[in-house]
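Chains V and A are the protein sequences, given in the same order.
Remember, the numbering used here sits 881 above the position in the first sequence when you count from 1.
Remember, the numbering used here sits 2 above the position in the second sequence when you count from 1.
Read the hints as simulated data drawn from the structure, not as lab findings.
Don't take every hint at face value.
Said to hold, decoys possible - These stretches of chain V come out as covered by chain A in the derived footprint (C-beta under 8 Å, 3 or more residues):
(1) 932 to 942
(2) 949 to 962
(3) 1095 to 1102
(4) 1121 to 1134
Claimed, not checked - Dumping the calculated BS3-like pairs for lysine-lysine here, alpha-carbon to alpha-carbon at most 30 Å:
(5) Lys1147/V / Lys111/A
(6) Lys1069/V / Lys1089/V
(7) Lys247/A / Lys14/A
(8) Lys14/A / Lys70/A
(9) Lys1050/V / Lys1069/V
(10) Lys1083/V / Lys1066/V
(11) Lys111/A / Lys964/V
(12) Lys968/V / Lys1069/V
(13) Lys1147/V / Lys70/A
(14) Lys277/A / Lys964/V
(15) Lys1139/V / Lys111/A
(16) Lys111/A / Lys968/V
(17) Lys150/A / Lys968/V
(18) Lys247/A / Lys150/A
(19) Lys247/A / Lys964/V
(20) Lys1098/V / Lys1050/V
(21) Lys1147/V / Lys14/A
What the hints assert, rightly or not - Which chain V residues face chain A? A few, computed with CB under 8 Å, are given here:
(22) Tyr982
(23) Gly1009
(24) Thr1057
(25) Arg1058
(26) Ser1060
(27) Glu1062
(28) Arg1145
(29) Glu1149
Even glycine gets a Cβ: it sits at the ideal position worked out from N, Cα and C.
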Amino acid sequence: MSEYTGVRGTVWFRAFTGHASPMIGDPNSVLTGDAPLGSDHARFLCVVPDPHARFPCARHGEVGQEEGYTLAARVREVIEHDKNTIKRPIIAIVDVKSQAYGRREETAAIFLAAAAAADAYGSARLAGHPVITLVVGHALSGAFLTHGYQANRILAFDDDGVMIHAMHKEAAARVTRRSVEELEKLAKEIVPMSYDIRDYAKLGLLYKLLHVENPEKPSPPEIRNVQDELIAAIADARTSPVDLRNRLESTAARELRKASILVRTKLEAQWLE
Amino acid sequence: MSNQAYSPNFIKRRSFIELNARERASVFFDAGTSRELLGPFDRVESPWLPMQGVTPQEDDGCVVIKGKIAGQAAVVVALEGAFQGGSIGEVSGQKMTAALDLACADNEKGILTSAVILLETGGVRLQEANLGLAAIAELMASILALRKHAPVICLTAGTVGCFGGMSLAAGLASYVVMTREARLGMNGPEVIEQENGVEEFDSSDRALIWAIHGGEQRYATGLADALVDDDTPQVAEVIRRFVSKGVPPEHRSSQVALYRNRIAKLDTSRQWDPKEFRALWTTNASNEENR
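Just chain V, with the same shape it has in the complex:
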């Protein structure tokens, strides 16, 4: 499973930008590129595995300190550049297995590196940049919070190789004291626990599910189709509020996130009393 992490990220980054290389001075694990997208010139970002990464626990596609601060710097660069002009789209291509689990990471405060990236993406969104996330592979826990979850709009492939989740199966089973089989059975009944992207779509957090026959080898028409979907998401984001309220307003969210909506309604009424 882990050897596939990053394959899809690289494929899609290259499909959009024509190359798959980091910017000068950046670690090999963060691909940044600017490329035309519709009438815009968009910034694309992707985290990929670097077997020679400086941090030993971040060599298999994990998001660690270098990834967090590099993403933050490359997103902030765009915010600064477009300060007084049209805000260009920022596209996060997501295929990340997890955050980096290491002692060095904890000692040097990986949480701040992760927060810095989320800060940059969120600040870009608040400044008016359409921030669009395309989940092409795995989007797990702290890695997704760092890279992708602050976007105005999230799109994903409806494919078994796509997984958005708080924790991988084995660890989640351990922590909740269940077997992997029990966890899988439960995940079929409890939608937010499911590892299936089609169930994730029921939560109302996704803007759109896209279908690509083989996400590791997309055809040129499929790439064009995904680009068109990104362009549509950008247009939608530009005419909508810059906060994340759309994640609660979708038809699916009104069904599955009833408790969230109830909390907001009641709390607001009591706040104003």
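Fit chain A to the known structure of chain V by using the hints.
Only chain A this time, still in chain V's reference frame:
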């Protein structure tokens, strides 16, 4: 008061850590100004826990109190570490986010309103998995929006500490306040040991855990803004001070160049002793200042 000279200070302290979330959230407000919102009698509980045979709690382990702190409007949100490890579920997460959004809306109307978040949490509640993770992402978005107007202060006192996705929320805060008993980090020692082995992190080594994640270390390395004793009046005083202080000139999580340089200068071929790390980190900082 006659025995003042004979009793050491810690005996006179009123422990903050021993308080539950509701009691903790109450200590900051000016007398007679506070009221709880969406309290236990509203019975908005997790819809997902009963489906799995887990007893829910009427407040879902999250207490929201609105009032005035140091004469200024504020909302305090406290997680109850004793309920499901302070984990973030759909309801508890949304209570935090909604409270911050309402504070943000008040600021936009010209009513300066700060937020204080009391974090005792291991992060996402795995029984609500994806809704917990989504709730943290939305809370982070709300912190970013609110902190433009008024400070968002995160206090972690112990003993649960602040881990997982919620450490990112703390990372976005205007100010972080910790006790020596508190811990702040992304991955707990057990998770690291499970993922990368005991050589990477020995989760039975209590001294090492506190040396890395503990409040004293985070304060010494500039990752927390204040270190407080487990003393309720002192904790309350420090929080009031930060509420009055307002928004910092630049938030820690926005100082990308500073921290990126520090990381670039570290020798990652070996583990660092936490005490030694303080020096490495600060030496790097002074180098930057000299340039």
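Structure-based check of each hint:
{"no.": "1", "hint": "932 to 942", "in the structure": "holds (count 4)"}
{"no.": "2", "hint": "949 to 962", "in the structure": "holds (count 5)"}
{"no.": "3", "hint": "1095 to 1102", "in the structure": "violated (count 0)"}
{"no.": "4", "hint": "1121 to 1134", "in the structure": "holds (count 3)"}
{"no.": "5", "hint": "Lys1147/V / Lys111/A", "in the structure": "holds, 20 Å"}
{"no.": "6", "hint": "Lys1069/V / Lys1089/V", "in the structure": "holds, 22 Å"}
{"no.": "7", "hint": "Lys247/A / Lys14/A", "in the structure": "holds, 28 Å"}
{"no.": "8", "hint": "Lys14/A / Lys70/A", "in the structure": "holds, 27 Å"}
{"no.": "9", "hint": "Lys1050/V / Lys1069/V", "in the structure": "holds, 13 Å"}
{"no.": "10", "hint": "Lys1083/V / Lys1066/V", "in the structure": "holds, 18 Å"}
{"no.": "11", "hint": "Lys111/A / Lys964/V", "in the structure": "holds, 25 Å"}
{"no.": "12", "hint": "Lys968/V / Lys1069/V", "in the structure": "violated, 41 Å"}
{"no.": "13", "hint": "Lys1147/V / Lys70/A", "in the structure": "holds, 21 Å"}
{"no.": "14", "hint": "Lys277/A / Lys964/V", "in the structure": "violated, 41 Å"}
{"no.": "15", "hint": "Lys1139/V / Lys111/A", "in the structure": "holds, 28 Å"}
{"no.": "16", "hint": "Lys111/A / Lys968/V", "in the structure": "holds, 27 Å"}
{"no.": "17", "hint": "Lys150/A / Lys968/V", "in the structure": "holds, 20 Å"}
{"no.": "18", "hint": "Lys247/A / Lys150/A", "in the structure": "holds, 14 Å"}
{"no.": "19", "hint": "Lys247/A / Lys964/V", "in the structure": "holds, 28 Å"}
{"no.": "20", "hint": "Lys1098/V / Lys1050/V", "in the structure": "holds, 27 Å"}
{"no.": "21", "hint": "Lys1147/V / Lys14/A", "in the structure": "violated, 41 Å"}
{"no.": "22", "hint": "Tyr982", "in the structure": "holds, 4 Å"}
{"no.": "23", "hint": "Gly1009", "in the structure": "violated, 13 Å"}
{"no.": "24", "hint": "Thr1057", "in the structure": "holds, 5 Å"}
{"no.": "25", "hint": "Arg1058", "in the structure": "violated, 10 Å"}
{"no.": "26", "hint": "Ser1060", "in the structure": "violated, 14 Å"}
{"no.": "27", "hint": "Glu1062", "in the structure": "violated, 16 Å"}
{"no.": "28", "hint": "Arg1145", "in the structure": "holds, 5 Å"}
{"no.": "29", "hint": "Glu1149", "in the structure": "holds, 6 Å"}
In the structure shown, a violation is registered for the earlier hints numbered 3, 12, 14, 21, 23, 25, 26, 27, in ascending order.
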